[in-house]
Amino acid sequence: MKKISKLLLAISFVLSITSSAFAVTAVSWGGAYTNSQKLGYGDPAAKKLGFPINWVDYSGGLSEITAQKEAGAITWDIIDVYAMDTINGCDEGLFVEFDFDKDFGPAPDGTPASKDFFAPMPSKCAVGNILYSWNYAYNTDKIGSKKPKTIKDFFNTKKFPGKRGIYKGALTNLEIALAADGIKPGKGGANIYKALNTEKGVARAMNKIKALCEDPKGGCVFWSGGAKPPELLVSGEVVMSTGWNGRFFNAQMDGAPLAQVWDGQGLDYQYMVVVKGGPNEADAMKAIKEMMSTEGLAGSAKHIAYAPFRISSLDIIAKGEPWYKDGKTNMLPQMPSAKVNTKNYFLVDPLYWADNGTELGEKWEAMKAGLK
Amino acid sequence: MNTDTKQILTSDGIPLEKSLKKAERVNKIKAFLLVAPLLLFLIITYISPIGDMLTRSVDDKMITNMLPKTFKAMEKWDGQELPPEEVFASFLSDYKILIEAQTQGKLTQRLNKEKNGFNSILKKLKRKMKSFEEGNTKEQIMLVHKRFADVSYWRAIKRTAPPYSIAKYLKAVDMITDENGSVVKVEENRRIYVKLWIRTLEVAFFVTLFCFLMGYPIAHLLATIPMKYSNLLMICVLLPFWTSLLVRTASWMIILQQQGVLNDFFVLIGLVSDDNRPEMMYNKIGTYVAMSQILLPFMVLPLYSVMKTISPSLVRAGKSLGGTPFTTFWKVYFPLTASGIGAGSLLVFILAVGYYITPELVGGASGTLISNNIAYHMKQTLDWSFASAMGLMLLVGVMAIYWIYNKLVGIDNIKLG
Numbered sequence: 001m002k003k004i005s006k007l008l009l010a011i012s013f014v015l016s017i018t019s020s021a022f023a024v025t026a027v028s029w030g031g032a033y034t035n036s037q038k039l040g041y042g043d044p045a046a047k048k049l050g051f052p053i054n055w056v057d058y059s060g061g062l063s064e065i066t067a068q069k070e071a072g073a074i075t076w077d078i079i080d081v082y083a084m085d086t087i088n089g090c091d092e093g094l095f096v097e098f099d100f101d102k103d104f105g106p107a108p109d110g111t112p113a114s115k116d117f118f119a120p121m122p123s124k125c126a127v128g129n130i131l132y133s134w135n136y137a138y139n140t141d142k143i144g145s146k147k148p149k150t151i152k153d154f155f156n157t158k159k160f161p162g163k164r165g166i167y168k169g170a171l172t173n174l175e176i177a178l179a180a181d182g183i184k185p186g187k188g189g190a191n192i193y194k195a196l197n198t199e200k201g202v203a204r205a206m207n208k209i210k211a212l213c214e215d216p217k218g219g220c221v222f223w224s225g226g227a228k229p230p231e232l233l234v235s236g237e238v239v240m241s242t243g244w245n246g247r248f249f250n251a252q253m254d255g256a257p258l259a260q261v262w263d264g265q266g267l268d269y270q271y272m273v274v275v276k277g278g279p280n281e282a283d284a285m286k287a288i289k290e291m292m293s294t295e296g297l298a299g300s301a302k303h304i305a306y307a308p309f310r311i312s313s314l315d316i317i318a319k320g321e322p323w324y325k326d327g328k329t330n331m332l333p334q335m336p337s338a339k340v341n342t343k344n345y346f347l348v349d350p351l352y353w354a355d356n357g358t359e360l361g362e363k364w365e366a367m368k369a370g371l372k
Numbered sequence: 001m002n003t004d005t006k007q008i009l010t011s012d013g014i015p016l017e018k019s020l021k022k023a024e025r026v027n028k029i030k031a032f033l034l035v036a037p038l039l040l041f042l043i044i045t046y047i048s049p050i051g052d053m054l055t056r057s058v059d060d061k062m063i064t065n066m067l068p069k070t071f072k073a074m075e076k077w078d079g080q081e082l083p084p085e086e087v088f089a090s091f092l093s094d095y096k097i098l099i100e101a102q103t104q105g106k107l108t109q110r111l112n113k114e115k116n117g118f119n120s121i122l123k124k125l126k127r128k129m130k131s132f133e134e135g136n137t138k139e140q141i142m143l144v145h146k147r148f149a150d151v152s153y154w155r156a157i158k159r160t161a162p163p164y165s166i167a168k169y170l171k172a173v174d175m176i177t178d179e180n181g182s183v184v185k186v187e188e189n190r191r192i193y194v195k196l197w198i199r200t201l202e203v204a205f206f207v208t209l210f211c212f213l214m215g216y217p218i219a220h221l222l223a224t225i226p227m228k229y230s231n232l233l234m235i236c237v238l239l240p241f242w243t244s245l246l247v248r249t250a251s252w253m254i255i256l257q258q259q260g261v262l263n264d265f266f267v268l269i270g271l272v273s274d275d276n277r278p279e280m281m282y283n284k285i286g287t288y289v290a291m292s293q294i295l296l297p298f299m300v301l302p303l304y305s306v307m308k309t310i311s312p313s314l315v316r317a318g319k320s321l322g323g324t325p326f327t328t329f330w331k332v333y334f335p336l337t338a339s340g341i342g343a344g345s346l347l348v349f350i351l352a353v354g355y356y357i358t359p360e361l362v363g364g365a366s367g368t369l370i371s372n373n374i375a376y377h378m379k380q381t382l383d384w385s386f387a388s389a390m391g392l393m394l395l396v397g398v399m400a401i402y403w404i405y406n407k408l409v410g411i412d413n414i415k416l417g
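Keeping their order, the protein sequence lines are chains A and B.
Position 38 of the first sequence, counting from 1, maps to 38 under the numbering used here, and the rest follow consecutively.
Position 293 of the second sequence, counting from 1, maps to 293 under the numbering used here, and the rest follow consecutively.
This is chain A alone, in the form it adopts within the complex (with noise of 0.2 Å):
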């Protein structure tokens, strides 16, 4: 019995050992994002491919994967990211720089992929994944009569008293907070970027945040994770938060009582990038070739309500409607791009935050923690 019982043990061990050097590890954001992704395009990808891509959580940022390049041992090879951080991890080197049409398929028409993406990419070790908004949604059953509209009625404590939830960071609450106060965003927001390029733009908008926290009808709660804030809604801790469209949608499927406000909501590019000297490069490669193909990318649209960065992906599932996996809801109209829900929009200037993102951080973080 001791026997048998090492020699499984061994087994078990060698098999783990070969199965991880063959294998590709995709680090995302977890819960039904994740899920789309590994259902979407991750799981087809490694069926046609002949290994299997792992998929593990983590919460953003460059820290994890800085530390495992410092340690001499990394441990992933594709990391989802933000705009922000594909532009300082390319700084760092942390990433391969891609060849755009090289290094990823034609769309079915013959459209070179890099004439095939919706937007120009932030930096050379960017490939873009998905378009997602940062909007906000309220609990259907516990708002009263009146329904919240726009921007400004998520600040507007008289009208729909309670708390809000609100991002950790200041990445869009700022522009939030401007766009609520009464500055017209202009085509993608460019009016709000000028405004909070000055002191006085950053203080103001700060300031619209700190006030709706500590008013007495009001207040926040911070939510870092992208489940945290159906939770929130449904649970009635807050009346209402912000939030990644996507998230919210995949609740209301869920039969949560949601609402999504879609006015002044922040579009926002996701990436995905290929660590340099990662574990299983080669394969790396192969795998978000396959991934950010035309139908990887509208496959994981089928999972969730985010708009796939190809524009033929968008072909697809406009010819295979209602395109989500329940067979019964049109998934265009539910996109962050779809032409009703982007009448009063901006867009999230990774540029600007890549530039302020730290200085912002520490005002940011002083405000916070001076909140009453």
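Errors might be hidden in some of the hints.
[Said to hold, decoys possible] Listed below are several chain A residues computed to face chain B (Cβ distance under 10 Å; list not exhaustive):
#1 Glu-64
#2 Ala-203
#3 Met-206
#4 Cys-213
#5 Glu-237
#6 Leu-347
#7 Leu-351
#8 Asn-356
#9 Gly-361
#10 Glu-362
#11 Met-367
#12 Lys-368
#13 Ala-369
#14 Gly-370
[As the list claims (entries may be wrong)] Beta-carbon label-pair distances, calculated as ranges:
#15 B:Gly-410 to A:Ser-59: 44 to 54 Å
#16 B:Ser-182 to A:Pro-161: 43 to 53 Å
#17 B:Ser-273 to A:Ala-203: 35 to 45 Å
#18 A:Ser-224 to B:Ser-182: 37 to 47 Å
#19 A:Gly-370 to B:Ile-269: 29 to 39 Å
[Unchecked claim] Covered by chain A, according to a simulated footprint, are these stretches of chain B (three or more residues, beta-carbon under 8 Å):
#20 100-114
#21 185-198
#22 366-374
No lab work stands behind these hints: they were computed from the structure.
All C-beta atoms, glycine included, are put in the ideal place defined by N, C-alpha and C.
Since the structure of chain A is provided, determine the placement of chain B on it from the hints.
Frame of chain A; chain B shown alone:
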């Protein structure tokens, strides 16, 4: 003593002293070998990381090596007005070398940390410098972006010149070296760390106090009631101690949140109205409650083990000599437990000062401590040298408390059992 006392010899003619020393040496080596693994373990996992932290927090060599010519040219510049042409030219040539080696990104990141706004202008410079003409570098660089014509950016570069700097330590107490080299406070809306240090000490102090107030009666009860009940009670103390920290913190969240169990109960018995539920979570109250409960066993256990050794006859003797119950307690029993109080308080206080996960989860904005800010700089801003500096300050602070305690009470008086 008589100096020419004959040396005592062993049976084989070697002086006894020598032979004893020899035997002892073997024993010493054996003893050392026995502790060697632990020593090695401590050096690898404890001493060397602290050493690494220390060097990291003051080391600024990377940028000194990246811009050698610039810093040399800057030596003569007084920092009042825009630097001369020479500085611009040397900066450009340093930058060119870095671009060839493809390490300019690290410079960008480092300078952007020193002063925000470098990120985009350096990238713009990289694109534009290809079409630069010979000579008159200053004009051409200043045309790239208006920030290059702003003297504060050049001062920021100059500030990074020394290979070692204590800037991170200054930053941790909301100070900064200004243009004239004198240390001043940072602007009002960026002051945060002094506030956090004070809050950390305040929370640690009150958590220790609450633990003491709650733990003392429990420990007394445990030590005095009959064995068969005290065992049961002991399990009640230890069971939460064995439960995962995260589970306990999460349960407090369920109990204390606005729509939580406790608030529901208050509403049910009519203590508060439904739309006016008190906030007991995501603020300092949540931090106090959760941390006190989690750290309570660290107070109870040392107290209990000390109280267990106090003979009940002492209290009886005090009473028989005419003392009231209070006098007996205060004059006889309490002083005897002082060593346990010292041990428990020191343990709880030191653990509380560095507490991270509980305040992170239940503290909200007003209940987060310095450790959360250390984590923030480790994870978000990647300013590891700053995180190291704060970590070291925390360590030195704890050592100072230990030292003061030793001076006031004496560390030998601590009793864990």
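Inset, instruction - Please verify that hint: A:Glu-237, Cβ, nearest Cβ of chain B, below 10 Å or not. - result: Check passed: Cβ of A:Glu-237 comes within 6 Å of chain B, closer than 10 Å.
Inset, instruction - Note whether the CB distance of B:Ser-273 and A:Ala-203 lies within 35 to 45 Å or breaks it. - result: With a Cβ separation near 37 Å, B:Ser-273 and A:Ala-203 satisfy 35 to 45 Å, so the hint holds.
Inset, instruction - Starting from the range 37 to 47 Å, see whether the pair A:Ser-224 and B:Ser-182 falls in it by beta-carbon distance. - result: Holds - the Cβ-Cβ distance for A:Ser-224 and B:Ser-182, about 39 Å, lies within 37 to 47 Å.
Inset, instruction - With chain B as the partner, please determine if A:Lys-368 meets the hint condition of a C-beta pair closer than 10 Å. - result: Status holds, d = 4 Å.
Legend entry - Given hint A:Met-206 near chain B, where the shortest CB pair must fall under 10 Å: Status holds, d = 7 Å.
Legend entry - chain B contact restraint on A:Glu-362 - CB to CB distance below 10 Å: Holds, because the Cβ-Cβ distance from A:Glu-362 to chain B comes to roughly 6 Å (cut-off 10 Å).
Inset, instruction - Answer holds if the nearest beta-carbon of chain B is closer than 10 Å to that of A:Gly-361; otherwise answer violated. - result: Where the cut-off is 10 Å and the nearest Cβ of chain B is about 6 Å from A:Gly-361, the hint holds.
Legend entry - Outcome, coverage of the stretch 366-374 of chain B by chain A - at least 3 residues whose beta-carbon is closer than 8 Å to one in that chain: Our answer is that it holds, as 3 residues pass the Cβ test (under 8 Å) against chain A, meeting three.
Inset, instruction - Verify the interface restraint on A:Glu-64: the C-beta must sit less than 10 Å from at least one C-beta of chain B. - result: Given a least distance of 8 Å, the restraint on A:Glu-64 holds.
Inset, instruction - Using Cβ atoms only, decide whether A:Ala-369 comes closer than 10 Å to chain B, and label the hint accordingly. - result: 5 Å, holds
Legend entry - Hinted contact A:Gly-370 with chain B - closest CB pair below 10 Å: 7 Å, holds
Inset, instruction - So, A:Leu-347 near chain B? Judge it on the closest CB pair being under 10 Å. - result: 16 Å, violated
Hint violations for this structure: number 6 only, all remaining hints satisfied.
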